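Peer 1: Heads up: the protein sequence lines correspond to chains Z and W, in order. Going left to right, the first sequence walks through residues 1 to 222 as our numbering numbers them. Going left to right, the second sequence walks through residues 1001 to 1487 as our numbering numbers them.
Honestly, the hints are just simulated from the structure, not real lab data. No experiment lies behind these values; they were computed from the predicted model shown. Do not rely on the hints blindly, as some may be mistaken.
Stated by the list, open to error - Here's a subset of chain W near chain Z, in silico, CB distances under 10 angstroms, partners left out:
(1) ASN1176
(2) HIS1177
(3) GLY1208
(4) LYS1211
(5) GLY1213
(6) TRP1227
(7) GLY1294
(8) GLY1338
(9) GLY1340
(10) LEU1345
(11) VAL1349
(12) GLY1352
(13) ALA1388
For each residue, glycine too, the CB sits at the ideal point set by N, CA and C.
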Amino acid sequence: MNELKTRDAVQSRREFLRSFLRGALLVGLAGLGVRTLLGRRCQAASGSERMKLCKGCPDVAFCSSAVLSAGRKVWQLDPSKCTQCGRCATHCVLQSSAVKCVHRPAQCGYCRLCFGFFQPGATILNSAAENQICPTGAIRRKFVEEPYYEYTIDESLCIGCGRCVKGCSAFGNGSLVLQVRHDRCVNCNECSIARDCPSDAFRQVSATTPYLLKPGAESVAL
Amino acid sequence: MASRGIFQGEPRGRSVLPAVLIVLVGVLISSAVLFWWRGTLSGVTTFRRIPLPGETAGDVQPAVVTEAPVRIGETFTRYDGVPSQAPGSWPAFRGTRHDNLAPASEKLADSWPVGGPPRLWSIPLGEGYAGPAIRNGCAYVLDYDGAAGADALRCFSMEDGCEVWRRSYKVKIKRNHGISRTVPAVTDRYVVTIGPRCHVMCADAVTGDFKWGLDLEREWGVEVPMWYTGQCPLIEGAQVVLGVGGKVLLAGVDCETGKVVWETPNLRKWKMSHSSVMPMEFAGKKMYLYCAVGGIVGVSAEAQDAGTVLWETDQWTVPVVAPTPVPVGDGRFWITSGYGAGSALFQIVKEGERFSVKLLRKVDKKLFACEQHTPVFYQGYLYTVLPADAGAMRKQAVCMEPDGRVVWTSGAAERFGLGPFMVADGKLLILDDDGMLTMIRASPEGYQKLAQARVLDGKEAWAPLALADGRLLVRDFGTMRCLDVRK
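Using the sequences and the accompanying hints, generate a full structural model.
Peer 2: Quick look at the structure:
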């Protein structure tokens, strides 16, 4: 009787180990499959200019925009036509707008006096709110080394009013542009900003190359 | 026997203590000499960077930099170029009379052949916007030699563009919207330059021999303007007149010796702008006008009280000023600027022996302004090109009466940019950003285009124009060309 009990206990432990190993193998295979599925790198985030417009979205499965849907069209704003009228901030169905200021560091002059950052006529060049042109303080200014300053956009604060873009376009290199950000845009059939854009700057572009950059405003995948 | 300290006996104590003192004094003197030597010869300096957001000034540790003092004029090279025999000159920024008007002897063709005015020669330059001055068959440019890391005063033959000589000095300059951006001033004897980092150099205009140099940062604590120096030197008689903006506001320097002849104290701590000093005469008094960052000042240009402040105003306090004041007669002058500033008309007033100045009116940027160049006052009318923030009028050419009434604009189809413009033979020559040269009638009767041609292929063709004997010098970011625009 005791011998049988011992045998059963041994069989039970073996069965348990077998089951455990089977389960672990299945979990491992499932994980590998999911990793393979999710592991396709996002082509939109690895464009030549690598400006990471769709930031924080390295994997296809996490892409919340229509960027990767080949054959689809998405709305975009042509910077060469944009007059920074301010309607992008107020006419989008989203609150806040899907249009954001995008900075292209490769074209930036890194100026101490940046007209995309400072109010015209600002005589004291520090980050005090009264000196800034951005109504929400969405532009960060950081000293690099003489004579250079770095500017970055906090998109969570940007409302797409375009005041900084106007200043940069008029007096600077034009490194600031307004763009529809496709991690926010819900891609309405009829874009409500496009409907009221006074300069007809909105158009639909391929979802695989959803951003328009000056000069020539050819669409690019970023 | 009473103790006398550690040394027993008077003679021994007397002999050692002085020796110790001598050694200590020697060490102190040696340290002082070493400190002086490192501080002056090797240029060891410390700087404290600007605190980042969230930091206080105390959080920032000073950093040591070992930048050697600039040895202005240290290098000379002679080349094969031979000065031209062609007459005519354009000896400084805005020409002989500092008004951007060519002499009456200059006669321009009324139209150009297909392809534009004939190109006589073309040479590459270091990146920037420095314009040329012309005298005695030579064109002088203060270039920046990126390979050598040096400011280079280059003398070219007006005949073929071949270099005659080069006087240079090493100075490290980082690209900041280009590097070079000033025009030399040339007389028969001297050529004077101001480099991007406020190094003033005087050389013999013919041989290139070095005369003297002046580092405005070291001499007067000048703060180098944003995007580097844009001020062009002014030679009046035997002196070069400089807008300084450090410990002194203006200064006159003897061209032969480099000795400072007069200084105007900078009591209000105004800073150097990109504007150049403008000579003017009112009520029998010669004066220099200078628009600094902080205000505008008029100082005496006469020997007995040179540099004395006659009047000043802080009613023009824009952070960036590139244009020079434009006198329009009767003691009035216009000042303008870009970046949203617009323009203003001032009136100099003399009451008894005292001068003062009052603001007559301000004009919005959408009516009259200029960002980089100075409006031209020709036959009673002002001509300019509006900046990019002038709304519907942006980048249009404008003709305006001196009292501020706009006469005409070039229209929406005719826009230009930040490039230079000048008047010659009754014609207004305008160069746009991309090197398109346009010739229009300089007349209040309306905008009338005479000719247009692309004369440069590069970008940012912003350098001031220079014209002598019908040869027009134009340049963009990296190329200077000589065009034949004669009748």
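Peer 1: Hint by hint, say whether it matches the structure.
Peer 2: Results of checking the hints against the structure:
Because the closest C-beta pair between ASN1176/W and chain Z is about 5 angstroms apart, less than 10 angstroms, the hint holds. Against a cut-off of 10 angstroms between C-beta atoms, the interface hint on HIS1177/W holds, since the closest Cβ of chain Z lies about 5 angstroms away. For the restraint placing GLY1208/W at the interface with chain Z, the shortest Cβ-Cβ distance is roughly 31 angstroms, beyond the 10 angstroms limit, so the hint is violated. For LYS1211/W, the suggested interface contact is broken, since its CB lies about 30 angstroms from the closest CB of chain Z, more than 10 angstroms.
The criterion of a C-beta within 10 angstroms of any C-beta in chain Z is not met by GLY1213/W, whose closest approach is roughly 23 angstroms, and the hint is violated. Because the smallest distance between the Cβ of TRP1227/W and any Cβ of chain Z comes to about 7 angstroms, under 10 angstroms, the interface hint for this residue holds. A cut of 10 angstroms between beta carbons decides the hint on GLY1294/W: the least distance to chain Z is about 9 angstroms, and the hint holds. Of the supplied interface hints, the one on GLY1338/W holds, with its beta-carbon coming within about 7 angstroms of a beta-carbon of chain Z, less than 10 angstroms.
The interface hint given for GLY1340/W holds, since its Cβ lies 3 angstroms from the closest Cβ of chain Z, which is under the 10 angstroms cut-off. Violation of the interface hint for LEU1345/W is found here, the shortest Cβ-Cβ separation to chain Z being roughly 19 angstroms, above the 10 angstroms cut-off. Interface restraint check: VAL1349/W against chain Z, minimum CB-CB distance 27 angstroms, threshold 10 angstroms, status violated. This hint is violated: GLY1352/W has a C-beta 34 angstroms from the nearest C-beta of chain Z, more than the 10 angstroms allowed.
For the restraint placing ALA1388/W at the interface with chain Z, the shortest Cβ-Cβ distance is roughly 4 angstroms, inside the 10 angstroms limit, so the hint holds.
Of the numbered hints stated above, those contradicted by the structure are hints 3, 4, 5, 10, 11, 12, listed in ascending order.
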